[in-house]
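Peer 1: These protein sequence lines map, in sequence, to chains W and V. Okay, so the first sequence: first residue is 317 according to this note's numbering, each after it adds one. Okay, so the second sequence: first residue is 317 according to this note's numbering, each after it adds one.
Among the clues, some could well be false.
Heads up, the list lumps identical chains together, so a pair's fine if it works in one copy or across two of them.
When the alpha-carbon atoms are kept at most 25 Å apart in a straight line, the in silico DMTMM-like pairs for lysine to aspartate or glutamate are as follows [claimed, not checked]:
1. 362 x 466
2. 447 x 435
3. 447 x 351
4. 362 x 456
5. 449 x 349
6. 363 x 453
7. 447 x 401
I should point out that these hints are in silico values taken from the structure, not numbers from a laboratory.
Next come the chains, spelled out residue by residue.
2 protein chains.
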Amino acid sequence: MIRLHDNLSSGNGYKVRLLLAQLGIPFERVEYDIDEGQTRRPDFLKKVNSNGRVPVLETEDGEFLPESNAILFYLAEGTPYLPDEQLGRAMVLRWMFFEQYSHEPNIATPRFWITHHVEMTEGRRAELETKRKLGYDALEVMERYLRNSEFFVGDRYSVADVALYAYTHVAEEGGFDLARFPSINAWLGRVATQPGHVPIT
Amino acid sequence: MIRLHDNLSSGNGYKVRLLLAQLGIPFERVEYDIDEGQTRRPDFLKKVNSNGRVPVLETEDGEFLPESNAILFYLAEGTPYLPDEQLGRAMVLRWMFFEQYSHEPNIATPRFWITHHVEMTEGRRAELETKRKLGYDALEVMERYLRNSEFFVGDRYSVADVALYAYTHVAEEGGFDLARFPSINAWLGRVATQPGHVPIT
Chain W
317 MIRLHDNLSS
327 GNGYKVRLLL
337 AQLGIPFERV
347 EYDIDEGQTR
357 RPDFLKKVNS
367 NGRVPVLETE
377 DGEFLPESNA
387 ILFYLAEGTP
397 YLPDEQLGRA
407 MVLRWMFFEQ
417 YSHEPNIATP
427 RFWITHHVEM
437 TEGRRAELET
447 KRKLGYDALE
457 VMERYLRNSE
467 FFVGDRYSVA
477 DVALYAYTHV
487 AEEGGFDLAR
497 FPSINAWLGR
507 VATQPGHVPI
517 T
Chain V
317 MIRLHDNLSS
327 GNGYKVRLLL
337 AQLGIPFERV
347 EYDIDEGQTR
357 RPDFLKKVNS
367 NGRVPVLETE
377 DGEFLPESNA
387 ILFYLAEGTP
397 YLPDEQLGRA
407 MVLRWMFFEQ
417 YSHEPNIATP
427 RFWITHHVEM
437 TEGRRAELET
447 KRKLGYDALE
457 VMERYLRNSE
467 FFVGDRYSVA
477 DVALYAYTHV
487 AEEGGFDLAR
497 FPSINAWLGR
507 VATQPGHVPI
517 T
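Isolated chain W (complex conformation) (with noise of 0.2 Å):
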């Protein structure tokens, strides 16, 4: 059986648990403690990921595949969830490195400070300055995109759409305002009735 290693607040990791419940691929999850570091024990970097990071999907035949839009990539190949066409697959990495570069740490990593109590440092209070206005930035580019489409690529839902769902739709305990975006909020409505949508927890 697939083997999950995850953490249950991640937004990355719920990427993939979304994911996996729509395409009916049963799972075993195990569970880490983030906040006492245990993705960044010896044995996690050498066994699982070298990065020391979550989620990491095990296969059947025991290969670690970390990063969750590779992970998402990987179980939509040959599935509705991925377009079949060459650039069709192209446009959802498109929005995928955009998630990843633009979006996630500037949308998710507040949200991770908050949540988590980390301390906030006068560098922290620095960055995060930046990352809510870059967070705003990508935000407004999704609302741009999605004021002419149901979906964002190919106008039918697919990974692209899992892989920016997953800390939009919590962006407001990043301290994010969404009520300013209606499109997004159109989309983040679509998104979850999609059919085997699971919430993040």
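Go by the hints and put chain V onto chain W.
Peer 2: Here is chain V on its own, set in the frame of chain W:
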């Protein structure tokens, strides 16, 4: 003809130029002065990339594909630069997401600040310290992996290597000392001697 919206000093742009050269695909290059904010102008945001960044690949059909690693994946499908099997492709993506999340923001950004003479405010100095530590962490992950592997996926040169080579081989321009990473240096040499290799500028 394919058109690449680009900036010559960008490692992300270089990834695409390098792969296009190795694939023998002719292309037209459109240069943007990023110091002058040419990728943040309304016409660029509207037509080329709403996220205000290069590189962007413009296909012969006039479609615009942003995100360097999405472009690499798109161009490499069906060529020797991307594995045939599903898990191999996912492992390429794993290293590409590692590159954009854990490597590029910490290794490319200090290089940009230094080579583009960006003003070092107090906030930026605090950020630089964080990035220095995280950048070395990313190089350490690469070093450990390369101790037992010639290349990042399946022991053959792929777009995972292209993605990671771009900013690693100029990391010293951002103040990183590569002398302490013998396995990375050996790998840089293997990448630089691949058929069709071209330098960054």
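Peer 1: Now, for every hint given, state plainly whether the structure supports it.
Peer 2: Hints, one by one, checked against the model:
1. 362 x 466: Answer is between; shortest inter-copy Cα gap is 19 Å, intra-copy 42 Å.
2. 447 x 435: both (16 Å within a copy, 19 Å between copies)
3. 447 x 351: both (22 Å within a copy, 21 Å between copies)
4. 362 x 456: Between copies only: 13 Å across, 40 Å inside.
5. 449 x 349: So residue 449 and residue 349 pass the 25 Å test across copies only (23 Å; inside, 30 Å).
6. 363 x 453: between (38 Å within a copy, 17 Å between copies)
7. 447 x 401: The answer is neither: 35 Å in one copy and 38 Å across copies each exceed 25 Å.
Comparing the model with each numbered hint stated earlier shows that hint 7 is the single one that does not hold.
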